[in-house]
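There are 2 protein chains.
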Amino acid sequence: MKLKDPDKIQIIYTATLKLVKNNGLTGLNMAAIGKEAKLGMGTVYVYFKSKEELINSLFKRLKGLNTNRIYSVIKPNAPFKVNMKELYDNYIKNRIDYFEEHFFVEQCSNSHFLDPESRKLDEAAFHGVYALLDRGKKELLIKELDNALITSHMMGSANEIVTMCMKTNTKINKSFLDQAFTLCWDSIKR
Amino acid sequence: MKLKDPDKIQIIYTATLKLVKNNGLTGLNMAAIGKEAKLGMGTVYVYFKSKEELINSLFKRLKGLNTNRIYSVIKPNAPFKVNMKELYDNYIKNRIDYFEEHFFVEQCSNSHFLDPESRKLDEAAFHGVYALLDRGKKELLIKELDNALITSHMMGSANEIVTMCMKTNTKINKSFLDQAFTLCWDSIKR
DNA sequence: TTTTTAATGGAATAAATATTCTGTTATATT
DNA sequence: AATATAACAGAATATTTATTCCATTAAAAA
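Just so you know, the protein sequences line up as chains B and A, in that order. Going by the working numbering, the residue at position 50 of the first sequence is 540; the numbering climbs one at a time, nothing skipped. Going by the working numbering, the residue at position 10 of the second sequence is 500; the numbering climbs one at a time, nothing skipped.
Honestly, the hints are just simulated from the structure, not real lab data. Some hints here could point you the wrong way.
Keeping only pairs whose Cα atoms sit at most 27 Å apart, straight-line, the calculated BS3-like set for lysine-lysine is [said to hold, decoys possible]: (1) A:K539 with B:K628; (2) A:K571 with B:K679; (3) A:K661 with B:K657; (4) A:K627 with B:K679; (5) B:K633 with A:K664; (6) A:K494 with B:K610; (7) B:K633 with A:K571; (8) A:K571 with B:K553; (9) A:K627 with B:K661; (10) A:K575 with B:K511; (11) A:K679 with B:K575; (12) A:K657 with B:K610; (13) A:K575 with B:K508; (14) A:K541 with B:K627; (15) B:K664 with A:K550; (16) B:K657 with A:K494; (17) B:K550 with A:K550; (18) B:K633 with A:K494; (19) B:K571 with A:K539; (20) A:K664 with B:K679; (21) A:K661 with B:K679; (22) B:K511 with A:K494; (23) A:K575 with B:K633; (24) B:K661 with A:K583; (25) B:K511 with A:K541; (26) B:K661 with A:K508; (27) A:K565 with A:K494; (28) A:K541 with B:K541.
Work out the full structure, taking the sequences as your base and the hints as a guide.
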């Protein structure tokens with residue numbers, strides 16, 4: 491008998507991400523996925539039992555990968571500002587390097603496709619950041635503001651800056667990154 | 491003969507906005523719009539010749555209304571910081587009061603539904619803000635940074651803060667609004 | 001008041017799209 | 001090498017969803 495090709499799932503995922511990037515989640519259909527992945531429809535259904543399962547499966551995978559990639563740079567021992575800068579740079583880098591992935595996740599979050607399990611993943615992940623911010627407050631380095639407010643402010647800013655740069659084809663170099671971080675730092679520093 | 495009911499278009503728009511808020515643009519279909527608007531399918535097609543036309547028509551209408559509502563508070567004669575604060579407060583207020591509308595516009599922007607004409611509207615609208623920022627630089631009140639960077643930073647922050655407040659059911663009062671603006675002001679002030 | 005015309009509702013149809021089915025092929029296992 | 005099993009492609013089918021059609025109704029015009 492023939493075994494499942496361990497690469498096929500990733501091939502299907504990659505095709506899906508590309509299609510959603512180009513046409514949005516509203517434009518996604520199974521025939522297009524098959525064609526983009528150079529697979530027959532039947533093959534796609536060997537690996538995923540439905541369109542919904544495919545979307546949720548990819549969503550969960552990306553959520554896990556992204557959370558890990560982004561927040562693993564938090565180091566409780568590094569100086570606070572240094573750690574914030576590293577976290578910020580890493581966050582922006584990830585948003586750019588995995589643009590398709592983040593776009594897909596956001597599209598899914600606002601769609602009717604997600605099952606309850608996928609929806610739960612949307613919540614947590616901030617604990618590490620909140621702990622870091624608490625340390626900054628204790629060390630009297632940043633303002634005494636609600637963590638959710640600070641986090642929304644910084645992440646919202648970062649996301650929009652990346653989106654703008656992608657739209658205008660602006661390459662993000664070190665100097666630009668420093669300027670962007672300084673905006674955020676100046677806003678929260680004591 | 492019977493004349494078209496001038497209210498029907500708005501009724502259909504309202505139904506569409508509610509449905510998209512609840513199920514996302516991916517979950518929108520014409521039967522649901524008819525049902526939500528308490529109209530037969532045929533009636534919907536009297537006012538719009540297709541689903542695509544309905545979506546684009548609503549998108550264009552909202553773009554116009556929103557741009558006007560948000561940026562009309564820019565007053566070249568008011569002191570710079572006062573004007574920035576007024577613009578910020580007004581922006582946040584609009585994002586909250588017209589949450590469904592903004593959500594719909596964003597969903598459309600990332601979909602395959604928009605025609606070229608709709609897509610163009612996505613661009614301009616910032617001229618007034620850019621002029622205001624230029625004045626702030628000339629008066630040496632804010633940093634010499636790219637307008638697109640400043641705008642992305644402030645609008646991204648504001649959008650995400652509103653989204654967070656909606657998700658967590660946080661009521662935005664004056665004190666909260668002042669805190670949020672201070673974050674932005676401290677980030678750009680000289 | 002009568003006539004005429006277009007709106008209206010909802011069933012019927014068309015079109016798009018997801019899913020299943022079938023014959024074929026590749027490859028693990030014997 | 002032979003066999004069995006499951007992957008594979010793509011056509012066939014089912015399902016969903018957009019659109020049209022038609023009988024009825026409302027109201028403007030005569």
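What are the numbers of the hints that this structure violates, sorted from low to high?
-> Checked against the structure, the hints that fail are numbers 1, 3, 6, 8, 10, 13, 14, 15, 16, 17, 18, 19, 22, 24, 26, 27, while the rest are satisfied.
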